[in-house]
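Taken in sequence, the protein lines are chains E, C, S and V. Quick note, in this note's numbering, the first sequence goes up one by one and the last residue is 213. Quick note, in this note's numbering, the second sequence goes up one by one and the last residue is 213. Quick note, in this note's numbering, the third sequence goes up one by one and the last residue is 335. Quick note, in this note's numbering, the fourth sequence goes up one by one and the last residue is 335.
Treat the hints with care, since some could be wrong.
[Stated by the list, open to error] Some but not every residue of chain S turned toward chain C, in silico, with C-beta under 7 Å: (1) Glu79; (2) Pro84; (3) Gly85; (4) Pro86; (5) Asp87; (6) Leu135; (7) Gln248; (8) Asp249; (9) Leu250; (10) Gln282.
Rather than coming from a laboratory, the hints here were simulated on the basis of the structure. Source: prediction; values computed, not measured. Think of the CB as a built atom: it goes at the ideal place given N, C-alpha and C, for glycine as much as any other residue.
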Amino acid sequence: MNSIGAEELRGMLMALAARVAEERAALNRLDAALGDGDHGSSISAAFALAAADCAALGEASLQSLWLRTAKMLLNGMGGASGALFGSFFLSGARQLQGVERLEKCQMAALLRAGLEGVMARGKAKVGDKTMVDALAPAVAAFAAADDYSQAWRQAALAARAGAASTRSLVPRQGRAKYLGERAIGIQDPGATTIALLFEAADTWWRNLTDEKT
Amino acid sequence: MNSIGAEELRGMLMALAARVAEERAALNRLDAALGDGDHGSSISAAFALAAADCAALGEASLQSLWLRTAKMLLNGMGGASGALFGSFFLSGARQLQGVERLEKCQMAALLRAGLEGVMARGKAKVGDKTMVDALAPAVAAFAAADDYSQAWRQAALAARAGAASTRSLVPRQGRAKYLGERAIGIQDPGATTIALLFEAADTWWRNLTDEKT
Amino acid sequence: MTARQHKLINQPAAIVDEMLAGFCAAYSDIVRLDGRLVQRAQPKAAGKVGLVIGNGSGHEPAMLGWVGEGLFDVNIAGEIFTAPGPDSIVEGIRAADRGAGVLLCVSHHAGDRLNAEIALELCAAEGINNVDMVLLYDDISSAPPGREAERRGTAGLFFVWKMLGAYCEGQVSLSQAKALAEKARDNTRSLAMSLSSCASPVTGEVMFEIAADEMEIGMGLHGEVGMGRQKSLPADATIDLMLPPILQDLPFTAGDEVLVLLNNSGSLTLMELYILYRRVAQKLAAADIRVYKAWVGAYATTQEMAGFALSLCRVDAQLKALWDAPANGAAMKQL
Amino acid sequence: MTARQHKLINQPAAIVDEMLAGFCAAYSDIVRLDGRLVQRAQPKAAGKVGLVIGNGSGHEPAMLGWVGEGLFDVNIAGEIFTAPGPDSIVEGIRAADRGAGVLLCVSHHAGDRLNAEIALELCAAEGINNVDMVLLYDDISSAPPGREAERRGTAGLFFVWKMLGAYCEGQVSLSQAKALAEKARDNTRSLAMSLSSCASPVTGEVMFEIAADEMEIGMGLHGEVGMGRQKSLPADATIDLMLPPILQDLPFTAGDEVLVLLNNSGSLTLMELYILYRRVAQKLAAADIRVYKAWVGAYATTQEMAGFALSLCRVDAQLKALWDAPANGAAMKQL
Ligand SMILES: Nc1ncnc2c1ncn2[C@@H]1O[C@H](COP(=O)(O)OP(=O)(O)O)[C@@H](O)[C@H]1O
Ligand SMILES: Nc1ncnc2c1ncn2[C@@H]1O[C@H](COP(=O)(O)OP(=O)(O)O)[C@@H](O)[C@H]1O
Ligand SMILES: [Mg+2]
Ligand SMILES: [Mg+2]
Ligand SMILES: [Mg+2]
Ligand SMILES: [Mg+2]
Numbered sequence: 001m002n003s004i005g006a007e008e009l010r011g012m013l014m015a016l017a018a019r020v021a022e023e024r025a026a027l028n029r030l031d032a033a034l035g036d037g038d039h040g041s042s043i044s045a046a047f048a049l050a051a052a053d054c055a056a057l058g059e060a061s062l063q064s065l066w067l068r069t070a071k072m073l074l075n076g077m078g079g080a081s082g083a084l085f086g087s088f089f090l091s092g093a094r095q096l097q098g099v100e101r102l103e104k105c106q107m108a109a110l111l112r113a114g115l116e117g118v119m120a121r122g123k124a125k126v127g128d129k130t131m132v133d134a135l136a137p138a139v140a141a142f143a144a145a146d147d148y149s150q151a152w153r154q155a156a157l158a159a160r161a162g163a164a165s166t167r168s169l170v171p172r173q174g175r176a177k178y179l180g181e182r183a184i185g186i187q188d189p190g191a192t193t194i195a196l197l198f199e200a201a202d203t204w205w206r207n208l209t210d211e212k213t
Numbered sequence: 001m002n003s004i005g006a007e008e009l010r011g012m013l014m015a016l017a018a019r020v021a022e023e024r025a026a027l028n029r030l031d032a033a034l035g036d037g038d039h040g041s042s043i044s045a046a047f048a049l050a051a052a053d054c055a056a057l058g059e060a061s062l063q064s065l066w067l068r069t070a071k072m073l074l075n076g077m078g079g080a081s082g083a084l085f086g087s088f089f090l091s092g093a094r095q096l097q098g099v100e101r102l103e104k105c106q107m108a109a110l111l112r113a114g115l116e117g118v119m120a121r122g123k124a125k126v127g128d129k130t131m132v133d134a135l136a137p138a139v140a141a142f143a144a145a146d147d148y149s150q151a152w153r154q155a156a157l158a159a160r161a162g163a164a165s166t167r168s169l170v171p172r173q174g175r176a177k178y179l180g181e182r183a184i185g186i187q188d189p190g191a192t193t194i195a196l197l198f199e200a201a202d203t204w205w206r207n208l209t210d211e212k213t
Numbered sequence: 001m002t003a004r005q006h007k008l009i010n011q012p013a014a015i016v017d018e019m020l021a022g023f024c025a026a027y028s029d030i031v032r033l034d035g036r037l038v039q040r041a042q043p044k045a046a047g048k049v050g051l052v053i054g055n056g057s058g059h060e061p062a063m064l065g066w067v068g069e070g071l072f073d074v075n076i077a078g079e080i081f082t083a084p085g086p087d088s089i090v091e092g093i094r095a096a097d098r099g100a101g102v103l104l105c106v107s108h109h110a111g112d113r114l115n116a117e118i119a120l121e122l123c124a125a126e127g128i129n130n131v132d133m134v135l136l137y138d139d140i141s142s143a144p145p146g147r148e149a150e151r152r153g154t155a156g157l158f159f160v161w162k163m164l165g166a167y168c169e170g171q172v173s174l175s176q177a178k179a180l181a182e183k184a185r186d187n188t189r190s191l192a193m194s195l196s197s198c199a200s201p202v203t204g205e206v207m208f209e210i211a212a213d214e215m216e217i218g219m220g221l222h223g224e225v226g227m228g229r230q231k232s233l234p235a236d237a238t239i240d241l242m243l244p245p246i247l248q249d250l251p252f253t254a255g256d257e258v259l260v261l262l263n264n265s266g267s268l269t270l271m272e273l274y275i276l277y278r279r280v281a282q283k284l285a286a287a288d289i290r291v292y293k294a295w296v297g298a299y300a301t302t303q304e305m306a307g308f309a310l311s312l313c314r315v316d317a318q319l320k321a322l323w324d325a326p327a328n329g330a331a332m333k334q335l
Numbered sequence: 001m002t003a004r005q006h007k008l009i010n011q012p013a014a015i016v017d018e019m020l021a022g023f024c025a026a027y028s029d030i031v032r033l034d035g036r037l038v039q040r041a042q043p044k045a046a047g048k049v050g051l052v053i054g055n056g057s058g059h060e061p062a063m064l065g066w067v068g069e070g071l072f073d074v075n076i077a078g079e080i081f082t083a084p085g086p087d088s089i090v091e092g093i094r095a096a097d098r099g100a101g102v103l104l105c106v107s108h109h110a111g112d113r114l115n116a117e118i119a120l121e122l123c124a125a126e127g128i129n130n131v132d133m134v135l136l137y138d139d140i141s142s143a144p145p146g147r148e149a150e151r152r153g154t155a156g157l158f159f160v161w162k163m164l165g166a167y168c169e170g171q172v173s174l175s176q177a178k179a180l181a182e183k184a185r186d187n188t189r190s191l192a193m194s195l196s197s198c199a200s201p202v203t204g205e206v207m208f209e210i211a212a213d214e215m216e217i218g219m220g221l222h223g224e225v226g227m228g229r230q231k232s233l234p235a236d237a238t239i240d241l242m243l244p245p246i247l248q249d250l251p252f253t254a255g256d257e258v259l260v261l262l263n264n265s266g267s268l269t270l271m272e273l274y275i276l277y278r279r280v281a282q283k284l285a286a287a288d289i290r291v292y293k294a295w296v297g298a299y300a301t302t303q304e305m306a307g308f309a310l311s312l313c314r315v316d317a318q319l320k321a322l323w324d325a326p327a328n329g330a331a332m333k334q335l
């Protein structure tokens, strides 16, 4: 398979929602150490809303799914990460106008637009100990890969490495910023979520195409 | 010795203050179980004030000491027991007008007036699980004894027995009343204080007269 | 959960005086301090009945926060949870005397009543005339119907203070004032509960023990034991347990109009109280009892105890008007 | 002391909606509820600037209790400790629009700012004009002087809300309103501390750990960590530690006139706060800084956290007059 249509995308969104829900408590714990302890609760609640909304949508287009997800994340979650994860989806939605299936290079462009949206909204750069530290390398790895199979795999690995890299960083954005040096040693929850999402996408792709994970 | 003058009385009041101060925490614990947990703190603070005030009084009469003690207990303590212990002293003060030394039968009358003052003020009868359960038998035992030595001893024993008897009673006065049956098994703090006071008076008497306790 | 035994104070022996100093400094436009007396900054006009209350400290903002226009003239602060002694009550009565008599309000606890009685005897002895006291109570857990006068005073007296305060701004006699207080009292009923204990700021001792999953129904205002323990329940079920005995006690019946107070004992969150109030409103509506006004907040506390009292006061036109009259205490403001 | 993990609620998922229902039922003379919007029961006259604030819930009585005459027109309630999303902010802006523009107040936290920015972009896209936002902050622990705009919004914004609310009752323009908010903000400084943690009512999890004999200075309004931990101190020593950095920051200097707020984070007792205020008053007097008015109480809470914030606002004649103007919110009444 070398393109993704609306039905596949819907399946992917469900898989993402399921994965963050599993990690709810662990993400809350990371956020308790760095912020206000709610990241797992809010991200899982928002993805659950988005998944339910997308599931309820009868005939869906790529754009309608992407846009609904954006809106559910923006409005079903609130907080900093609602705005940022929402912006991720919102930024790429325009590119999906009239598109029926996404080839790998189109998906790469969609993800890139999302990254840019997050960075424009949140002003975080790589190294600021935010979700951007996982998202930027994942988007780059995705673009650099040859096909979907490679792309999801490499993106997941890059996101995980990027999330892990936040451990040694001093936060420069979000609530964690005020912790300064005391934040060293703890992995950023938003970056961790990004890693989980790319890993879930990778697993979903492998289940879909029946490749061994 | 068969009479008590102002200087002896002053010494006795000091001894009483010292004794309740030692039992502060234990009395608080009894009151925590039956009331609001402050009986030890307030009775010891009030007796300390009374003792200090009596100590500061230069030339003192029996009446002035008794009256000052009444006022310090009434106003330095507050609460139910401030009013009641204060009333004990206040009620007898008139009898001391012009009296220089107290013989045993006069002391018995003074204590009897005190008991009547407490009962008039608080409306408690024997069996209501209050200080009256220790005070009434103590006053009776004091009156029945032949001399001071016997009187203090018998009063102390009667007060202690009276205090112990409150354990099996259901309270009918004070804060403890609302506990009902749940108060059974716990000794009333006010009655316990009465027992302590009579025991302290007995010890004081024996030290004063150099009798073996 | 255990109580917070470390309090942010200086020395335990000084807490009452330091607290009074801080309170009166913060609200110097409303009150001034004279020893242990908290008095109005601007005394009431001469020829009006003076209103005095003495009470143990530790229940802040009660009663300090209830001194001011449309409320009390003088509050006599006792030690923590301990009624003030008779001499300071007499002082308070003198300070509140504007030539038309003084009413001493007593929230019924043995200590408060006994000291008030002695104070009144002292007033008589000293020739201070035209002084009377009124015994106030509202806690249905502390004695059965028919023996109301044995009940304890708790948070529901809030209604009585407010109405009586407004009433005594007018040209009324001492006996009228007392009658009004009794009327408000006789229409008021309360029941409290608690999920946690609290610590005495003086001794640092926890006032009582309670398991993390239990609640006590019918707590007194000093952590005195109530009607009994049980497993704690969700918010709605707690109200469903507590409201019916309150309604039956007066009884409050269909067509009645009431004021409602949900009083925070200390560290319950307002979020919890608002959720509780939602259920109260639903249940009263279902019983066809109309809520005239409601107040939700910390008005009479038991240190940091996590609990609340639910109080209802049945009102007629007179009581409603008194309720709505202006008041300006630090803790009770009515525009 | 551990936090009270058992809260008196029904289900965690329903707490915000049930709380809003209860609050608006209790204070139906002041507010009405429309979804997640708490609005004035009687809207402001047409032709006046509308004032809106969105904020995470869990800080009650903030901000629900600040809707009313002389205060906010609309409060948009988010989930617990979570800024509401852009769509509901836009709804709130629409609801507050009386034809003279709407000012969206943002207590600075990343989530609040980001969602406000998106909401303003949506307003522009939807043709809702004459809307602006103002970013408010006061917590000196969250960024050094010179980088004030990075600071968090905490309890001291109390002053800004009150003055801005009064200002927008008059005939002012949107840009004037924003300028006034900035003026009040730029004269306000706060610092918080805590002795205990609290539990999230949603997860039941303790928000942070702190030893029984420690305190944290500089806590954020959601239990975010502050400037550091140390052994807890007596009341006076705590003020002596916290007041100087506040004074130096603005700086407040001899001859200044200030408003003071001692805000209870949750389960501190008022007794403790009054004792703390006593020391604040002493120290300010010694520094020749005059207190115009002081408020001591629970205005913006962090659940049942046992801590407080000390906030000062330097005032001139304009700000004093706005402070004294009438206000009638459930949690903020000025006669
Ligand atoms: N300015 C920003 N840019 C990018 N990501 C950010 C920014 N601020 C915060 N984040 C991300 O948001 C995460 C926190 O999310 P969450 O806990 O859901 O929000 P909140 O801080 O509102 O409680 C952080 O771990 C970080 O990855
Ligand atoms: N009506 C009464 N008559 C006699 N003694 C009483 C009465 N009420 C209370 N007491 C006594 O007072 C004691 C409680 O004293 P204390 O704790 O100092 O006062 P408070 O109840 O005001 O806290 C009780 O143990 C009881 O002995
Ligand atoms: Mg968070
Ligand atoms: Mg007691
Ligand atoms: Mg007591
Ligand atoms: Mg959050």
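Results for each hint:
| no. | hint | in the structure |
| --- | --- | --- |
| 1 | Glu79 | holds (6 Å) |
| 2 | Pro84 | holds (5 Å) |
| 3 | Gly85 | holds (4 Å) |
| 4 | Pro86 | holds (6 Å) |
| 5 | Asp87 | holds (5 Å) |
| 6 | Leu135 | violated (14 Å) |
| 7 | Gln248 | violated (19 Å) |
| 8 | Asp249 | violated (16 Å) |
| 9 | Leu250 | violated (20 Å) |
| 10 | Gln282 | violated (31 Å) |
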